[in-house]
Amino acid sequence: MNLLALRGIRRSFGALEVLRGIDLDMAEGEMLGLIGPNGAGKTTLFNLVSGFLPADAGSVAFAGRDLQGLSPAARARMGLVRSFQKSLVFPGLPVVENLALAARLRLGGGYRWWRGRAVAEEAAARATELLDLAGLAGKADTLAGALPHGLQRVLDVLVALAQRPRLLLLDEPTAGLATDEAQRLLGLLRTVQPAPAVLLVAHDLDLVFGFCQRLAVLDLGRLIAVGPPDSVRADPEVQRAYLGGLA
Amino acid sequence: MRAHAWLLCLPLAGLLALFGGDYHLRFAAEILITGTAVMSLDILVGQGRLVSLGHAALFGGAAYVSALLAIHAGAGLMPVLLAGIATGMLLALVMGLVATRSVDLFFLILTLVVGQMVYELAFHWRTVTGGADGLRGIPALALHLGGASWPMSGARSLFLLAAGLALLAYLLARSFLAAPIGRALVASREQPVRLAALGYEVRRLRLLAMVFAGGIAGAAGALYPFVNLYVGPNLVHWSMSATMIVMLVLGGVGTLHGAFVGTGLYLLVQTYLSSFTDRWQLLIGLLFVLIVIFLPDGIVRPGWRRRQA
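Line by line, the protein sequences give chains A and B. With the first letter of the first sequence counted as 1, position 111 gets the number 1586 in our numbering; the numbers rise by one all the way through. With the first letter of the second sequence counted as 1, position 125 gets the number 675 in our numbering; the numbers rise by one all the way through.
Simulated from the structure, these hints should not be mistaken for lab results. Be a bit skeptical, because a hint or two may be false.
Label pairs and their computed distance ranges (CB to CB) [what the hints assert, rightly or not]: (1) A:GLN1668 / B:ALA728: 26 to 34 Å; (2) B:ASP654 / A:TRP1588: 51 to 59 Å; (3) A:SER1534 / B:LEU717: 37 to 45 Å; (4) A:GLY1567 / B:LEU779: 38 to 46 Å; (5) A:TRP1589 / B:SER699: 46 to 54 Å; (6) B:VAL678 / A:GLY1544: 56 to 64 Å; (7) A:TRP1588 / B:PRO701: 32 to 40 Å; (8) B:THR677 / A:ALA1593: 47 to 55 Å; (9) A:GLY1489 / B:ARG651: 23 to 31 Å; (10) A:GLY1662 / B:SER652: 51 to 59 Å; (11) A:ALA1593 / B:GLY704: 42 to 50 Å; (12) A:GLY1685 / B:ARG651: 44 to 52 Å; (13) A:GLU1503 / B:LEU647: 50 to 58 Å.
Some residues of chain B that are not near chain A, with every Cβ distance over 12 Å (derived) [said to hold, decoys possible]: (14) LEU562; (15) ASP654; (16) HIS694; (17) TRP700; (18) SER725; (19) SER738; (20) GLN741; (21) GLU751; (22) ARG753; (23) LEU758; (24) VAL796.
Keep in mind it's a predicted model, so treat the numbers as computed, not measured. No residue lacks a Cβ here, since even glycine has one placed at the ideal position from N, Cα and C.
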């Protein structure tokens, strides 16, 4: 069974048809890159899958369940977690609390009116594990808003991972990062346990081609190619529409 | 002022309890009770950025219920306190169900509307609430336990009761804000969209915070009639909510203890300056402007904010 199954997804804004019948499947643990020129509909697709935007037509199924009518929060609790183009950490909370906040919800203690030792300890352990993995243990007590841009982007992804997602939608997580920083960040996704499936949007094509097992290419609201990096790179339509025939 | 500087207040409160006259003890009790309600508003404003113009309805609504129970059923301390808490929470739940669909300006307006519905009820339901005349003749408060009864209507008893309530409410509020729900409330203020993307129902969080704050405001409202000896519709009017916001800003938003300081300052100015001039609200306004300009974080967090270049 596919972890994610999109069927016939359509979405328009007024007369502008942004998504024109998207069919896409993702397997458990898979890393899929979603690429396409600006305005291709990548972020709109993210918004539809994560529930921030309703589709005009089509269905989104996650782990065999139709997500129709479910709020973004309900989808996230099922394990479908997303990040945003702009890094959205909680600036007034310490780094460790940013992570614990996400971990606590997964452990069922997000709304508690008391501290609850067991949940607090498990959430702290998850936060520490992720900070160690990212080499940020020394920043645990720093306010997230005081971190430099690059570290905020890393924290942004760590917060999503702290929730232990089954599917992680990452919308340009490497924007503004140097190549080595971007590689380290994506490397995290391979080492973290349990490893989630990742739907990755990024503009650095070398990075996407290097990290993802499959690629999906979106152009003017249509998926024009889906497959392994080599076959996508060789696809004439992709070269014409997206790579400008330079690949 | 750091939170633990509050310990200095304990000997002061002790001295007041031992040597204070009835007038000063009642006045201090009024500050503590109103300050407790303002502190409950701080949970919403300071931590959740939920600025409510209906908070007085929770405080005043509980005061009405408490006064009615005392007048018609001779209820003692525990029943009025429990009824006040329940009233505050119930009104907060209703207000929250309406208002938490929105944030910022629309939240403000919706809390104003629900609060004014409580005001209309208090103002027009003359047979129960006394209408514009309000409720007078509040009987003396007593604590009934088993067959025994202890009068609590003296100024000293009321002061100690108010101090106990303020302390307990403060500790509860601190505990709430340190708990997962309190941290999530802060996060909802900063990045509500991201919080939802992690699986939190932001509306549920805000609703729970409102109900918790309503419970504290209700507890304070339950004691208010026995200190003030009168409950009138002005207590549930939106202008009382606005006054509570002014008190909070004067003391320091987001500090909890600043609510008591701001309330004390406001009521001192109101009480003492009003005996010299009818224009005491002008002075309050001036004080408010000066504090917003020079102490934007409130009195309890002194320090001149540097001008932005």
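Hints, verified against the model:
no. : hint                             : result
1   : A:GLN1668 / B:ALA728: 26 to 34 Å : holds, 30 Å
2   : B:ASP654 / A:TRP1588: 51 to 59 Å : violated, 26 Å
3   : A:SER1534 / B:LEU717: 37 to 45 Å : violated, 56 Å
4   : A:GLY1567 / B:LEU779: 38 to 46 Å : holds, 43 Å
5   : A:TRP1589 / B:SER699: 46 to 54 Å : violated, 34 Å
6   : B:VAL678 / A:GLY1544: 56 to 64 Å : violated, 44 Å
7   : A:TRP1588 / B:PRO701: 32 to 40 Å : holds, 34 Å
8   : B:THR677 / A:ALA1593: 47 to 55 Å : holds, 54 Å
9   : A:GLY1489 / B:ARG651: 23 to 31 Å : holds, 26 Å
10  : A:GLY1662 / B:SER652: 51 to 59 Å : violated, 42 Å
11  : A:ALA1593 / B:GLY704: 42 to 50 Å : holds, 47 Å
12  : A:GLY1685 / B:ARG651: 44 to 52 Å : holds, 45 Å
13  : A:GLU1503 / B:LEU647: 50 to 58 Å : violated, 39 Å
14  : LEU562                           : holds, 31 Å
15  : ASP654                           : holds, 18 Å
16  : HIS694                           : holds, 30 Å
17  : TRP700                           : holds, 31 Å
18  : SER725                           : violated, 7 Å
19  : SER738                           : violated, 9 Å
20  : GLN741                           : violated, 5 Å
21  : GLU751                           : violated, 5 Å
22  : ARG753                           : violated, 9 Å
23  : LEU758                           : violated, 6 Å
24  : VAL796                           : holds, 24 Å
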